[in-house]
Amino acid sequence: MTNDRSQGRHRRAKKDSVANNSSTITGNRALQIEEPLIFEQGAKGRTGVDLPAPTDESTAALGGLERDKPIGLPGLSEPEVVRHYTRLSRNNYAIDIGFYPLGSCTMKHNPRLNERLSRLPGLADIHPLQPESTVQGGLALIEQVSNWLKILTGFPAVAMSPAAGAQGELCGLMTIRTHLMARGDPRTVVLVPDSAHGTNPATAAMCGYQIESVPSNQRGRVDLNALQARLGPDIAALMLTNPNTCGLFEEEIIEIAAAVHDSGALFYCDGANFNALVGKVRPADLGIDIMHLNLHKTFSTPHGGGGPGAGPVVMTNELAPYAPLPWLLREGETLLLIEHPERQAKTSFGRMRAWHGQMGMFVRALAYMLSHGGDGLRQVAEDAVLNANYLRVGLEGKYTMPYSGLCMHEVLCDDEFIKDTDITTLDIAKTLIDEGYHPMTIYFPLIAHGAMLIEPTETESRQTLDQFIKVLRAIADQISSGDSKRFHRAPLHAPRRRLDETRAARQPNLRWKESTPTSSPRK
Amino acid sequence: MRYLPHTAEDRRAMMTDIGIGSIEELFKDVPNEARLDRPLELPNHADELSVERHITGLAAQNVTAGAVPCFIGGGAYRHHVPAAVDALIQRGEFLTSYTPYQPEISQGTLQALFEFQTQVSLITGMEVANGSMYDGSTACAEAVLMAGRVTKRQRAVLSGGLNPLYCDVVETLAQFTGLEIEKSRPNAPTRGHHDTLALEARVNNDTACVVVQFPDFFGVIRDFTALSARCHEQGTLLIVVVTEPVALGALKAPGDMGADIVVGEGQSLGVGLNFGGPYVGLFATKEKYLRQMPGRVAGETLDSDGKRGWVLTLNAREQHIRREKATSNICTNSGLCALAFSIHLSLLGETGFARLAALNHSTARSLAEKLAGLQGIEVLNGAYFNEFTVRLSRESAPVIEELAQKKILAGVPLSRLYPDRKDFKDLALMTATETTTDSDIQALLQALSESVL
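If you're matching them up, the sequences are chains G and V in order. Our numbering applies: residue 749 is where the first sequence begins, and numbers increase by one. Our numbering applies: residue 22 is where the second sequence begins, and numbers increase by one.
It cannot be assumed that every hint is accurate.
Stated by the list, open to error - Residues on chain G that point at chain V, a partial pick, calculated with CB under 8 Å:
hint	residue
1	Leu928
2	Val1029
3	His1051
4	Leu1084
5	Ile1086
6	Arg1101
7	Ile1195
8	Asp1248
As the list claims (entries may be wrong) - Pairs of lysine to aspartate or glutamate residues, derived as EDC-like cross-links and limited to a Cα-Cα distance of at most 20 Å, are as follows:
hint	chain 1	residue 1	chain 2	residue 2
9	V	Lys204	V	Asp444
10	V	Lys428	G	Glu880
11	V	Lys427	G	Glu880
12	V	Lys307	V	Glu148
13	G	Lys792	G	Asp816
14	G	Lys817	V	Asp244
15	V	Lys446	G	Glu880
Hints were generated in silico from the structure; no laboratory data involved. Beta carbons: idealized from backbone N, C-alpha and C, even for Gly.
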C-alpha cells in the first residue's frame, strides 16, 4: 500500500541503486552479507544445545495442561546460530566501530574490565532470594556504589532500584507526591521546560499529574520570570534537566531553586547530562531536591542496543523516608535488606520493580568509578566539556547555533544555515552515515528548528574530533555549492538505504509469520 | 588515565583553539558558590589489577548459587546458559550500540528485535509482542495500566497466585493513575483446589482486567480457559503472567487459554541470576490492542531500493513523540538481555526448548518424590512444573538459614515474601532445574532430615 508519491520515490531510488550497486548473484557485497530471518533457516529437529534425556517423560503432574501443538521455533545448530548473530552484528554501528556523537545519550567508551567483572560468578550467579547471610558481598557492592553516588552528588540518600532513567524519574515524582501527601499539601501540576526529554512529561502523567510547559528564554535557559509567574499552591514540582537539553548550564539554577522552594514545590533534576558535572559540581549544592542518574550514560555501563540501563535516584533527607523499597541498612558489620513496609520503611511509597536493582550495572559502574577515582571523574567532566566546545568552535562559521557562547558537554546546532536549500537535517544525518559516522541526535530538542545535538564525550581523541569537524565543514561546503544530489540519496553505503517508516507504521508487521511470507529477503 | 585520550598538550592546544586560558572558564555558567574547589573524599584513579582485586574480593564474600546445591526460584531461576550466548552478546556491535534511531546502520539490532518479538509471540501463543520491558514485574504493571486504557475501566483484580512482589509493583505503579487494585487472598496449594472460581466471581462489567500467574507463585498450574470466557463475557481483559518461560516448552500457551495480554520475566533464558537484575520483561498481546501497547517495537518495511529491512515503528504511542499522552514513559528497555534471551531460544530451537522443559519437570518430580518420602515434609502441589510448595514440620526461615550455613540454598521461605501471614511460616518454595544434580538432591535431603526432624 505505497502511495503514488512514494512509489515514484522508490523508482528513482532504484535507478540510483543500479548505478551504485554492481549486482552480485547473492545480493551480498563481500563482507556485507544479506542475512535471512532465523525463521527462514535451519531444519526441523536440529538443535544447538545438547541436553540429557529426561529420566521420566511423565506429564501426569502438569495438571492436564501439557502443550499439545508445536510452537514453531526453527532448529539450528550452534555454528548456524553463531554465524546468524555475527552477521547481524555487522549491520550495526557501535562505539567500538567509530564516533557516535548521539546527543543526550553519552556514548562513551565501555571499558572491557567492567564486562569481565560483571560476569564473576560471585556476582552474576547469586539469586535475589538467597539468605542475606550468603550475599553480604553483593549488598556491600550496592552500598559502595551508593556511597560513591552520594559523595559525587552531595545528597545524603539514594534509591538504587530504578531500572532506567525513565523509571528513576517516576521514582523521583512518586517520592515527591508521597511527601506532599504526607505533609497534607496535595498539588496537581508538574512544570516541565519546553526543551525537556519526552520522558519527563510522560513520567509526570504516570504519576497522575497535569503537565504544564515552561518556556525557555532567548538564551536557551528556563525563563525565570515566566516560571515565577506560574509557581503557586497547585505546583508540585519543577522537572529540569541540567545541563539542559540544549547543552547549556542553567546559570540561574540557584534562583530557580529558591523560587520553586518559596512556592512550596519541589525541584526534580533529570540527571541525564551529569557527565558534564561529575566531580566538578555537586547537584545538591544547586538547590535540587531529588535527581536520577543514568548509570548507562555517565558511568559507562554499555547501552546494549537499547538497554539495560540503571537509574538510581539521589535525594535529600527530607524526601528519603518516602523512597522505594527495598532499603539497604547497615547494622554494624551486617547489611540488611528491608523488603516490606516495616520498621522505619513504613513511609515508603512502595516497590518499583521486583528485586533489588540492576546489580549487573552496579558492578560495571563501581569498576568505572574505582578506575577513574575522584580525580579521573573530574577529568571526565572537564574533557567532555572541552571536547564539546572544541567541536563548537570548529563548526562555527559553517553551522548555525541557536544559542551563542560556551556550551557544556554537547553542542546544539539548528538548520538555519541550510534554510534556503533543499537539504534537511535528516539529509545531513544520512550523509554522515556514508562518511562512517553515527549521526548526532536530530530534531531534538524540539525548541531548536531542525536540531542537531552533538555530544562527543571525553573518550574521543583530538584527532577524531578534528576529522569529524573536517567532514562536517566539507558537508556544509558541498551544500552551499549547490551539490544536493548525494544528500537526498544518502545513505548509499550502509547495509540499507533509507527505510520507509510510513509504510512500517501504516501496515504494521511486527513478527514473522509462516503463512504470509514477507517480501523476498534478497533483491 | 587509560580511558581518556588527551595529553596535557592536547588540552592546551584545544583550549587555545577555543580561546580560553583555563578549563575553569568552560564552567563559568556554574554559580561560584556551587563550584567544587576541592577534591571530593574519594580515592584516586586505579589500575585494572587493583580494581579487579577489589571487586573480586566482594564477589568472594557471596555464596555462588552455581557452586552449591541451589533450589531457589520464586521468580528467578538458575539455568545453564550456553557459552555462545555470552560470546555473541559481547560483540561490540551489539554491546556498544544504542537504541536503533538510525535504522540504516542498526539493522542487526532491529532484525534481532523482530526475531525476539516473533519468538515471544510464538511461545506465549499471542499475535504480537514488543521489544522488551525492564523485567517481568514492571511488564505486569504496564499490562494492568494498558488494560485500564483499553477498557476505560478502573478496577483490576490480582490473583492470590501472583508473585507478591509483582503485586507490590502493580499497586505502586498504579497508585496515582486512578486504577483500583483488588487483591485476592493468597492460598497455599491444596490438591484439587481451584481458586479460579473465586476469581470468576469477582469479574463484572466494571473490571478492567484479571491478572493470574502461570504456573503461579506457589508452583501450581491452572487452566484459565473458563476464567477467560467469564472475562470476555464481561469485557474484561485476562492478563497472564509467566515468570518461568521455560515452562512454556511443556505447557499449553496462555494465548490458547484465551489470554488478552501475556507478560513475563525472560531471565531464565540467556540472562542469568545477576542478584535480581538486569532482567528482561516480555510483553505480548492481541493485534487489536497494538496501539495501546507500551514500549519499543520493531517492524518490517522496505528501503528505497526495495530491500526488506526493519525500523522502530508505531512511535506515535511513545514518549518522545506523544509526551504526556504516551502509553508509557519507558525509553531505554532491556535490549541486550532480550538479545540474550533470543539467542538462547534460537540455540534451543523447537526440540531443545521442549527437552529443556521436560528435563526441568522430570528433575522437579524426582525432587518432589524424594522430599515427600522424608518425615516432616509435605509437598502441597498436585500440579507443578519445576517448582512447588512444601510444608515443613517447623518454621521454614530458620531451616533455610541453617542449610545456608551448610552451603545449601534450600529454597525460599514464604515468610520472606509474606511477613504478615502466620499460616505461611512453615512453608517454603523449592525449585529444580536442569542444573540440579542427583547429588544436589541427596545433599538437600540429608541436611533437611537433620534440620526438620
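Out of the numbered hints, which ones does the structure contradict? Hints 1, 4, 5, 7 are the ones this structure does not satisfy, whereas the remaining hints hold.
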